[in-house]
Amino acid sequence: DGGITQSPKYLFRKEGQNVTLSCEQNLNHDAMYWYRQDPGQGLRLIYYSQIVNDFQKGDIAEGYSVSREKKESFPLTVTSAQKNPTAFYLCASSPDFVGVYGYTFGSGTRLTVV
Amino acid sequence: AQSVAQPEDQVNVAEGNPLTVKCTYSVSGNPYLFWYVQYPNRGLQFLLKYITGDNLVKGSYGFEAEFNKSQTSFHLKKPSALVSDSALYFCAVRGGNSGGYQKVTFGIGTKLQVIP
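Listed in order, the protein sequences are those of chains A and B. Position 43 (the first sequence) corresponds to 43 in our numbering; numbering is contiguous. Position 29 (the second sequence) corresponds to 1029 in our numbering; numbering is contiguous.
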């Protein structure tokens, strides 16, 4: 079945540590997105990629980095510069960057700072 | 700037009764509107969308939504609620300017509680 796989489901980060969240899709979608979800704040866009080898900052990119070396993969690194990283992170994709078809979401990664 | 408002943090409805989850929006051009559902500790699932055409849009699991241009609203509805419909519902809007990437803005979500 086609879909988006996010791993790990739960992740614990120590202060000052970088961590990488994995996102893989087998939908042959061109566009991929990373969102952060906090209670009462909805979804906020971190980064998006319209096509392989290209990505753009979203609304809250500070303290995060991404790469898009393969069409199916869009990993997110949460760096030590992100001062409040505890949140639920969602990866999504769409057939193209126009985005009128709606998004397919992964099941999310819950990141906790310990 | 485009925006989405979901005025109710939580909606409670008895099982078997009709339900409505409200959404209003502000956007340049003709809007593209979406509803998603999220179950605990899961990603969002697409329910339905409005691009153009009939103002009443039918989607997954018996849900439908009514687009009202004059009131800039896109309320989610279902004739008879099920306990399994209990979840968090998100409205989203994309600006209608043609071509290129257009940001999708999500509302903060409305928790639907269906009471047995």
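These are computed hints drawn from the structure, not numbers from a lab. Fair warning: there could be bad hints in the mix.
[Said to hold, decoys possible] Below, in silico cross-link-like pairs of lysine-lysine (DSSO-like), each with a Cα-Cα straight-line distance of 30 Å or less:
1) A:K71 x A:K57
2) B:K1058 x B:K1103
3) B:K1077 x B:K1103
4) B:K1058 x B:K1111
5) A:K9 x A:K83
6) A:K57 x B:K1077
7) A:K71 x A:K9
8) B:K1049 x B:K1103
9) B:K1111 x A:K83
10) B:K1049 x A:K57
11) A:K14 x A:K57
12) B:K1058 x B:K1069
13) A:K9 x B:K1103
14) A:K57 x A:K9
15) B:K1069 x B:K1111
16) A:K83 x A:K57
17) B:K1049 x B:K1111
18) B:K1049 x B:K1069
19) B:K1049 x A:K9
20) B:K1103 x B:K1022
21) B:K1077 x A:K70
22) A:K83 x B:K1103
23) A:K14 x A:K83
24) B:K1069 x B:K1103
25) B:K1022 x B:K1111
26) A:K71 x B:K1069
27) A:K9 x B:K1069
28) B:K1077 x B:K1058
29) B:K1022 x B:K1058
30) B:K1103 x A:K71
[Said to hold, decoys possible] Take a look, some chain A residues computed to stay more than 10 Å from chain B by CB distance:
31) Q6
32) R13
33) I60
34) A61
35) K71
36) P85
37) P95
38) G99
39) T104
C-beta atoms are modelled at their ideal positions from N, C-alpha and C, and glycine is treated no differently.
Results for each hint:
no.: 1; hint: A:K71 x A:K57; verdict: holds, 18 Å
no.: 2; hint: B:K1058 x B:K1103; verdict: holds, 24 Å
no.: 3; hint: B:K1077 x B:K1103; verdict: holds, 25 Å
no.: 4; hint: B:K1058 x B:K1111; verdict: holds, 21 Å
no.: 5; hint: A:K9 x A:K83; verdict: holds, 21 Å
no.: 6; hint: A:K57 x B:K1077; verdict: violated, 35 Å
no.: 7; hint: A:K71 x A:K9; verdict: holds, 22 Å
no.: 8; hint: B:K1049 x B:K1103; verdict: holds, 16 Å
no.: 9; hint: B:K1111 x A:K83; verdict: holds, 29 Å
no.: 10; hint: B:K1049 x A:K57; verdict: holds, 26 Å
no.: 11; hint: A:K14 x A:K57; verdict: holds, 25 Å
no.: 12; hint: B:K1058 x B:K1069; verdict: holds, 17 Å
no.: 13; hint: A:K9 x B:K1103; verdict: holds, 27 Å
no.: 14; hint: A:K57 x A:K9; verdict: holds, 24 Å
no.: 15; hint: B:K1069 x B:K1111; verdict: holds, 25 Å
no.: 16; hint: A:K83 x A:K57; verdict: holds, 18 Å
no.: 17; hint: B:K1049 x B:K1111; verdict: holds, 20 Å
no.: 18; hint: B:K1049 x B:K1069; verdict: holds, 15 Å
no.: 19; hint: B:K1049 x A:K9; verdict: holds, 28 Å
no.: 20; hint: B:K1103 x B:K1022; verdict: holds, 21 Å
no.: 21; hint: B:K1077 x A:K70; verdict: violated, 40 Å
no.: 22; hint: A:K83 x B:K1103; verdict: holds, 25 Å
no.: 23; hint: A:K14 x A:K83; verdict: holds, 12 Å
no.: 24; hint: B:K1069 x B:K1103; verdict: holds, 20 Å
no.: 25; hint: B:K1022 x B:K1111; verdict: holds, 11 Å
no.: 26; hint: A:K71 x B:K1069; verdict: violated, 37 Å
no.: 27; hint: A:K9 x B:K1069; verdict: violated, 40 Å
no.: 28; hint: B:K1077 x B:K1058; verdict: holds, 10 Å
no.: 29; hint: B:K1022 x B:K1058; verdict: holds, 16 Å
no.: 30; hint: B:K1103 x A:K71; verdict: holds, 21 Å
no.: 31; hint: Q6; verdict: violated, 8 Å
no.: 32; hint: R13; verdict: holds, 18 Å
no.: 33; hint: I60; verdict: holds, 13 Å
no.: 34; hint: A61; verdict: holds, 13 Å
no.: 35; hint: K71; verdict: holds, 17 Å
no.: 36; hint: P85; verdict: holds, 18 Å
no.: 37; hint: P95; verdict: holds, 12 Å
no.: 38; hint: G99; verdict: violated, 6 Å
no.: 39; hint: T104; verdict: violated, 7 Å
In terms of the numbered hints stated before, the structure departs from hints 6, 21, 26, 27, 31, 38 and 39, listed from lowest to highest.
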